[in-house]
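Asker: Below, each chain spelled out in residue letters.
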Amino acid sequence: MNAQFTLERSPRGRLILTLADGSCHHDVLPVRAFPLTAPDEFVALVSALGQELVSIDRLDELPAATQQLLLEALAPREFVPRILGIEKVSTFSTPSVWTLQTDRGPTQLTLKAEEDIRRLPGGRLLITDNHGLQFMVEDQAALDPRSRRTLERFL
Amino acid sequence: MIENLHAPSLNLLPPDWRALIAARLAPDESVRACCETDLTPDLRYATGVLVLTTQRLLHLAGAEPEHEWPIGADLALRQSDYAGVGLVEVTRGATRLAVVRFSLAHSTGATHVVAEFARLRLDGGLAGVPPSPCPECRGPVDPASGVCAACIRELDAPPSTWTLFRLWRFARPYRTQLFFGFLFTLGSTFATLIPPYLTMPLMDKVLIPFQNGTPIDQSRLILYLGGLLCAALFAWVLGWARTYLLALVSERIGADLRTTTFNHLLGLSLEYFGGKRTGDLISRLGSESDRICVFLSLHALDFATDVLVILMTAAILFSIDPWLALTTLLPLPFIGWMIHAVRDRLRTGFEKLMRVWSEVANVLSDTIPGIRVVKAFAQEERESKRFLVANQYNLALNDRLNKTWALFAPTVSLLTEVGLLVVWGFGIFQISQHEITVGVLTAFLAYIGRFYARLDSMSRIVSNTQKAAAAAKRIFDILDHVSSVPEPRQPLTIPVVRGRIELREVGFRYGSRQVLRGISLEIAPGEMIGLVGQSGSGKSTLVNLMCRFYDVAAGEILLDGVDIRNLSLASFRSHIGLVLQEPFLFFGTVADNIAYGKPGANRAEIVAAARAAHAHDFILRLPQGYDSLVGERGQGLSGGERQRVSIARALLINPRILILDEATSSVDTETEKEIQRALENLVRGRTTIAVAHRLSTLRKADRLVVLDRGRVAEIGSHTDLLAREGIYARLYQAQLRQHEEGELAGVHP
Numbered sequence: 002m003n004a005q006f007t008l009e010r011s012p013r014g015r016l017i018l019t020l021a022d023g024s025c026h027h028d029v030l031p032v033r034a035f036p037l038t039a040p041d042e043f044v045a046l047v048s049a050l051g052q053e054l055v056s057i058d059r060l061d062e063l064p065a066a067t068q069q070l071l072l073e074a075l076a077p078r079e080f081v082p083r084i085l086g087i088e089k090v091s092t093f094s095t096p097s098v099w100t101l102q103t104d105r106g107p108t109q110l111t112l113k114a115e116e117d118i119r120r121l122p123g124g125r126l127l128i129t130d131n132h133g134l135q136f137m138v139e140d141q142a143a144l145d146p147r148s149r150r151t152l153e154r155f156l
Numbered sequence: 051m052i053e054n055l056h057a058p059s060l061n062l063l064p065p066d067w068r069a070l071i072a073a074r075l076a077p078d079e080s081v082r083a084c085c086e087t088d089l090t091p092d093l094r095y096a097t098g099v100l101v102l103t104t105q106r107l108l109h110l111a112g113a114e115p116e117h118e119w120p121i122g123a124d125l126a127l128r129q130s131d132y133a134g135v136g137l138v139e140v141t142r143g144a145t146r147l148a149v150v151r152f153s154l155a156h157s158t159g160a161t162h163v164v165a166e167f168a169r170l171r172l173d174g175g176l177a178g179v180p181p182s183p184c185p186e187c188r189g190p191v192d193p194a195s196g197v198c199a200a201c202i203r204e205l206d207a208p209p210s211t212w213t214l215f216r217l218w219r220f221a222r223p224y225r226t227q228l229f230f231g232f233l234f235t236l237g238s239t240f241a242t243l244i245p246p247y248l249t250m251p252l253m254d255k256v257l258i259p260f261q262n263g264t265p266i267d268q269s270r271l272i273l274y275l276g277g278l279l280c281a282a283l284f285a286w287v288l289g290w291a292r293t294y295l296l297a298l299v300s301e302r303i304g305a306d307l308r309t310t311t312f313n314h315l316l317g318l319s320l321e322y323f324g325g326k327r328t329g330d331l332i333s334r335l336g337s338e339s340d341r342i343c344v345f346l347s348l349h350a351l352d353f354a355t356d357v358l359v360i361l362m363t364a365a366i367l368f369s370i371d372p373w374l375a376l377t378t379l380l381p382l383p384f385i386g387w388m389i390h391a392v393r394d395r396l397r398t399g400f401e402k403l404m405r406v407w408s409e410v411a412n413v414l415s416d417t418i419p420g421i422r423v424v425k426a427f428a429q430e431e432r433e434s435k436r437f438l439v440a441n442q443y444n445l446a447l448n449d450r451l452n453k454t455w456a457l458f459a460p461t462v463s464l465l466t467e468v469g470l471l472v473v474w475g476f477g478i479f480q481i482s483q484h485e486i487t488v489g490v491l492t493a494f495l496a497y498i499g500r501f502y503a504r505l506d507s508m509s510r511i512v513s514n515t516q517k518a519a520a521a522a523k524r525i526f527d528i529l530d531h532v533s534s535v536p537e538p539r540q541p542l543t544i545p546v547v548r549g550r551i552e553l554r555e556v557g558f559r560y561g562s563r564q565v566l567r568g569i570s571l572e573i574a575p576g577e578m579i580g581l582v583g584q585s586g587s588g589k590s591t592l593v594n595l596m597c598r599f600y601d602v603a604a605g606e607i608l609l610d611g612v613d614i615r616n617l618s619l620a621s622f623r624s625h626i627g628l629v630l631q632e633p634f635l636f637f638g639t640v641a642d643n644i645a646y647g648k649p650g651a652n653r654a655e656i657v658a659a660a661r662a663a664h665a666h667d668f669i670l671r672l673p674q675g676y677d678s679l680v681g682e683r684g685q686g687l688s689g690g691e692r693q694r695v696s697i698a699r700a701l702l703i704n705p706r707i708l709i710l711d712e713a714t715s716s717v718d719t720e721t722e723k724e725i726q727r728a729l730e731n732l733v734r735g736r737t738t739i740a741v742a743h744r745l746s747t748l749r750k751a752d753r754l755v756v757l758d759r760g761r762v763a764e765i766g767s768h769t770d771l772l773a774r775e776g777i778y779a780r781l782y783q784a785q786l787r788q789h790e791e792g793e794l795a796g797v798h799p
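Chains A and B supply the protein sequences, listed in that same order. Numbering of the first sequence is given in my numbering, commencing with residue 2 and proceeding in unit increments. Numbering of the second sequence is given in my numbering, commencing with residue 51 and proceeding in unit increments.
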């Protein structure tokens with residue numbers, strides 16, 4: 002499926018895909034098949050109807066321009082703030098409102114239940130808030146001691 | 051000479067009948083098979099024997115007239131059973147010669163006779179003597195495992211405190227720690243017994259002389275008080291060490307127990323799981339193993355300390371003054387007797403209580419997964435009532451137990467008081483006689499205060515031991531259960547599996563209901579077989595037998611010419627891909643679920659399998675693609691989507707044999723088409739057995755096998771079977787009509 006294709010951005014900001022056979026597809030979406038465990042492998046270009054048109058085995062094998070275009074298109078779909086510190090939690094039972102420092106600035110999240118904290122391979126934590134927004138803790142050990150102790154209480 | 055000829059074949063006979071039968075055999079005749087019977091034709095108990103020789107069939111039964119039928123071309127045997135009574139009909143042509151009846155305990159033997167009869171007709175009795183039969187049921191013995199599969203039974207020991215000693219198997223690895231724990235216990239117990247001993251000199255050598263006018267001997271006082279302090283510190287340190295060490299060990303024993311039990315449970319056949327309820331098994335593994343753990347770390351430890359304290363105290367008391375010691379220990383037998391009396395009552399009570407707990411858990415595990423049904427039929431109240439009933443039963447049982455229990459502790463206290471009174475009385479009498487000093491009496495009173503406190507806490511061990519023993523028994527019930535699908539002793543391996551399956555005279559029963567009988571079928575490698583039949587005709591059972599979830603009761607199933615019972619279970623099942631009607635997804639990511647049968651699969655393989663199963667596109671639509679969580683708490687997938695994930699799972703292990711058990715029955719026709727496309731990729735080049743209720747899904751099958759009430763009724767291709775106008779044709783017509791009516795009404799069937 003790693004066929005030749007060209008990708009360009011329409012004036013409206015949508016992606017237009019032209020396949021080797023000359024067919025042209027508007028409004029294609031890039032989708033990562035393994036967004037958490039292998040974000041740069043198996044990126045699919047999916048038509049507006051949800052059908053896979055092109056599968057890219059590795060992002061870094063693409064020409065730089067196409068790669069750039071894809072990453073820009075993927076970015077808005079991947080808003081996962083990294084938690085840098087936990088300032089305060091409202092309570093140690095759930096639901097609990099956490100006041101956070103993230104790489105995107107200070108914010109709050111509401112944790113509905115302990116099982117919304119998902120352990121990922123490599124010691125990372127993915128926390129889903131009550132609206133389904135996801136926060137990432139890259140490395141528990143890198144947090145400051147107070148944040149770490151607070152987090153510990155929920156694990 | 052004649053004896054020698056008969057000797058090996060006579061071994062087939064039950065010992066009681068050997069002489070009788072031997073007398074009736076002709077010189078060139080030998081026994082091929084036999085089975086005991088225990089009912090007369092009019093259903094009265096009478097032992098008998100049905101013997102198949104190379105020349106005839108013999109039936110001897112108690113006072114009944116003896117029968118014999120020479121084996122001719124038109125002699126036929128037919129076996130059937132109903133409600134626990136089996137029968138073999140002997141017919142010649144169109145006339146029924148006799149009916150031999152027996153209870154199902156002898157059914158395996160009878161099946162063997164009928165099968166041997168059929169074989170005899172084929173080879174004319176030229177084959178050698180078959181292997182010696184199982185001593186229990188006279189059925190054929192599995193050459194690999196050396197036992198008859200039908201005769202492996204569950205051990206059923208009554209609950210007893212001795213069960214707890216079986217825990218030694220799990221304690222063994224920790225015996226060094228246990229030994230040190232015991233030493234610590236000994237030391238700390240001894241240390242706690244020093245203070246009362248020191249009250250004796252404190253009283254006699256310090257306080258009483260002071261009262262009589264002698265000044266207090268300072269150095270002596272410091273010695274005694276220092277001794278008291280040291281003993282307390284010593285007891286504190288050792289007590290901590292022993293409690294910590296033994297708690298550590300008991301937690302590990304508990305963990306080992308749970309792991310072993312769970313692993314054993316995984317090895318048991320589906321038959322076991324079919325007969326048990328999930329809630330019950332969960333409570334056995336969870337709370338009951340924990341109860342044993344608490345018992346070991348707390349109660350057993352306390353009990354050991356109590357026994358030590360009592361023994362040491364008794365020794366010390368006797369060394370001080372034998373007579374007073376005797377008086378002090380007088381109530382001990384009474385308390386011992388009381389403990390024993392209550393023990394008997396509580397024993398059964400706690401077992402019952404635990405079953406009731408399981409009942410409560412069962413209501414939960416029924417209701418929660420079935421919550422949609424409960425709500426749809428508005429039966430919340432009924433479920434609530436069911437729970438209430440279970441709970442009330444629990445309460446009632448507890449009340450009854452507590453009545454006995456509540457009386458227990460106060461009685462012990464009363465006896466303690468009485469005991470103290472006796473010591474006071476006898477002590478004062480002895481002091482007045484100048485036989486003992488005031489110090490001795492003080493020491494005695496200090497000792498027996500501890501002594502009776504110990505007896506009181508010892509009495510608590512009764513209920514705890516009972517609870518723990520009952521828990522241990524229920525766990526060992528699982529551990530003692532031998533899988534009815536045993537691993538062969540010397541498993542054979544097939545280097546390259548081609549996928550040829552052969553069924554020979556396969557029979558199977560659930561309890562007393564014969565589900566399959568005399569199924570013979572040969573499936574060529576790469577062939578697709580469709581199993582058709584009304585529900586209850588034995589389709590799913592046949593599939594379960596082919597997966598070796600159960601073992602056949604009669605006959606054999608061969609894979610590439612090897613009996614599947616001689617293959618190791620894991621290697622055999624690694625060749626089988628199974629797609630079920632209700633696909634089960636484990637909690638985990640989609641990728642994990644696809645790679646379930648091959649945990650080392652790389653991402654490219656997973657994606658390829660998902661593509662082939664037409665699952666790739668919908669997986670990409672999930673918010674986290676292949677990393678999305680599915681299963682109980684995860685992302686909701688529709689039935690068709692789940693089915694495609696499970697097809698991808700089967701594709702990934704690349705099995706030689708594929709079993710589709712109603713894989714498309716629970717989805718709509720659109721999704722079915724999608725799944726059918728996925729299945730086409732899966733079926734290619736593999737031996738496939740597809741069970742389907744909807745006949746249209748079996749269009750691709752090379753041959754269709756129609757089952758009817760546990761027998762093969764018809765075999766052939768779709769067109770052949772339609773032309774035959776038999777059961778299949780009727781089923782097909784019925785479904786066609788239904789479909790057309792559905793079309794007319796504008797709805798899909």
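A portion of the hints provided could be inaccurate.
Have a look at the derived ranges for each label pair, beta carbon to beta carbon [claimed, not checked]:
1) Pro673/B - Arg150/A: 26 to 34 Å
2) Leu156/A - Gly650/B: 41 to 49 Å
3) Leu156/A - Ser337/B: 50 to 58 Å
4) Leu156/A - Ala496/B: 46 to 54 Å
5) Ala365/B - Ser94/A: 52 to 60 Å
6) Arg150/A - Asn441/B: 55 to 63 Å
7) Leu786/B - Gly124/A: 58 to 66 Å
8) Ser94/A - Leu529/B: 26 to 34 Å
9) Leu348/B - Leu156/A: 22 to 30 Å
10) Asp758/B - Cys25/A: 22 to 30 Å
Hints listed in this document are in silico derivations from the structure and should not be mistaken for laboratory results. Bear in mind the structure is a predicted one, so any value in this text is a computation, not a measurement. Idealized CB from N, CA, C, for every residue including glycine.
Asker: It remains to establish, for every hint, whether it holds in the given structure.
Answerer: Against the structure, the hints:
1. With their beta carbons about 31 Å apart, Pro673/B and Arg150/A fall inside the hinted range of 26 to 34 Å.
2. For Leu156/A and Gly650/B, the hinted distance range of 41 to 49 Å is not satisfied, since their beta carbons lie about 28 Å from each other.
3. Under the hint 50 to 58 Å, the C-beta atoms of Leu156/A and Ser337/B, about 24 Å apart, miss the expected range.
4. Checked against the given bound of 46 to 54 Å, the beta carbons of Leu156/A and Ala496/B, roughly 50 Å apart, stay inside it.
5. Between Ala365/B and Ser94/A, the C-beta spacing of about 54 Å keeps the proposed range 52 to 60 Å intact.
6. At roughly 40 Å, the beta carbons of Arg150/A and Asn441/B sit outside the given window of 55 to 63 Å.
7. With their beta carbons about 60 Å apart, Leu786/B and Gly124/A fall inside the hinted range of 58 to 66 Å.
8. The hinted window of 26 to 34 Å between Ser94/A and Leu529/B is violated, with their beta carbons roughly 39 Å apart.
9. Range check, Leu348/B to Leu156/A: Cβ separation about 28 Å, and the 22 to 30 Å hint holds.
10. Evaluation of the 22 to 30 Å hint for Asp758/B and Cys25/A yields a failure: the beta carbon distance comes to about 58 Å.
Consistency note: the structure conflicts with the earlier hints numbered 2, 3, 6, 8 and 10.
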